Amino acid sequence: MTTTAVQPVTVRQVRWTTQFSQVFLRWTRGQLREPWGIGTSLFQPVIWIVLFGAVFSTLKALPAFSDGGYVTFLIPGILMMTVLYSGAWAGQGFIMDMDSGVMASMMAMPLRRTALLAGQLATQTVICLLQAVTVLVIGWLAGARYSGGVVGLLVAVAVALVLCVAFSSVSNAVALITRNGIALIGIAQIIVLPMTFLSSTMMPHDLLPGWVQNVATVNPQTWAVDIGRAALNGNLGSADGLAWKAACLLTVAALLFFWSLRSLRSFQRAQ
Amino acid sequence: MPTDAAIEAVDLRKTYSSRKRTVTALDGLSLTVPTGQVFALLGPNGAGKSTTVKILSTLATADSGSACVGGFDVGRDARRVRQSIGYVSQGTSADARMTPRENIIMSARIRGVGAGEARTSTARLVATLGLDECADQYVKTLSGGQRRRVDIACALVHAPQVVFLDEPTAGLDPEARAALWQIIVGMSADNGLSVIVTTHYMDEADRLCDHVLLIDHGRAVVGGTPDELKASIGGTGLTVTVPAAQPDDVRGAVETVGVVRDLVVETTGDDVRLAVRTDDATAALAALTGALDHHGLDYGAVAVSRPSLDDVYLRYVGHSYNYEGDLT
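Going line by line, the protein sequences match chains A and B. The letter at position 3 of the first sequence is residue 535 when you use the numbering used here, and the numbering goes up by one with no holes. The letter at position 30 of the second sequence is residue 179 when you use the numbering used here, and the numbering goes up by one with no holes.
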């Protein structure tokens, strides 16, 4: 060694935004360098649209789907379902970090816990944004029409991103608490399917059986789908209870983020 | 607890409990690390080395006891401790999907080093740690030794006061280990950096560390410079292997031999190994073999050795240093 490795540097009070953007950059690079991951996450909604569109194609005969057909009805549901699935796996990244030792190194840095989680959520949100655009484009090609216009599209995508934050936070919290990839997969499977089917994703609320209707009413997936559907169909002004549903969705997303933040302590206790 | 020492820890205790059992990791461990030294925590698996490092680097919290790192309390002032340390975990610190340069810059930026300075500081570390050739390849394509150097660079880039290295040489080939130790020893010469390293390689700790602390069952057993520790036991070590014998018979045979001290009798497989220290190796050897002969015990290999840290361990802990073995 010719020169000394350690020479004085100026260390300033570091801003939250700097830490956040470094964490965001790290996860985004990771995603971009795993083309298989991002490729399949964009291909998945295409399969769902084709699959569900085909399986439920006879439903267009029902009066509930008279205006615009089943595809127009289905797309907001697929949109929310896609981000729900995507978010449910978000914690896998932390599992890999805990197994490799990267997590321990991060926790031993003066890195704010909110920046550590929010930076990763931001990458997840970007992925969900790409997925949302994919769903809307493929949906349009499949025959869906968005009478809500640009405002409707923006509102629907915004709601999808809030749902993405909510479920990514659940996934992160489960990952940090269990510290186990198999447990995360199991819990994600258990949550995701009921969340989708006990909601208005595939069926209008009124066509669901009685007890399913009751569950669907308090299901965040239903709130997101209802707002998204009203926005895309241009019914934001006329549909009932959307403000309440939006408020509930935001509150749940915030609470779940705080839960994931608290779960970092559980990781620390196990050290 | 204001202090000039880089690290001062008093009576650290920590237990891990699960539903099935409770494990005591630290049982009242105290230590002082002087500034600017390479300080080794030496001990077998489960002795408490990693737990100590995790508590001192704010990763884990002690059940009781107190510790100051760089003058800051690890509990009350964790953020300032984190600002003044670098920590290299047993696994990897670097993201495998990024390049060494990207990883090192990220570590600097998260800690508050400005963008320009992060780049120049990174370039300097890349050069001094011999990472030029691989600085812009993905970390996942690097060798174990290169990865370790990236981890260390990430921990050094903000010019910390204290660096923790948890088993940095584990799993590396001898050549990579030697190269890494050259870096570690070089680090402490820079700006009074204190380096705390856990290792289970006795010979490395002996040759390369300024201060060694032996840990066993969550307690500090004995500490000092390697020379002090070896001088403290004095004399010459003698080991005699007695094939296919009973430990009690061997102990009975040699217990009354006068010119030896610190007798330890251990079973290794079917054989019994007896270890002693003496100031007169020739007389002691004659007396020991004579006593074994007298009791009808055949002896095999005989080894004479100057004091090593293995002997220090044997003397203070009471059994041979056996990193992998069970020590119940």
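There may be inaccurate statements among the hints.
[To be verified] Where chain A lies over chain B, by a calculated footprint (3+ residues, C-beta under 8 Å): (1) 204 to 213; (2) 373 to 379; (3) 445 to 454; (4) 459 to 469.
[As the list claims (entries may be wrong)] Over the 12 Å line for every Cβ pair with chain A, so calculated as not near, a few chain B residues: (5) 163; (6) 177; (7) 228; (8) 300; (9) 308; (10) 336.
Simulated from the structure, these hints should not be mistaken for laboratory data. Bear in mind that the values here come from a model prediction, so they are computed numbers and not experimental data. By construction, the Cβ of each residue, glycine as well, lies at the ideal position given by its N, Cα and C atoms.
(message) Tell me the hint numbers this structure goes against, listed in increasing order.
(response) 2, 3, 4, 5, 7, 8, 9 and 10
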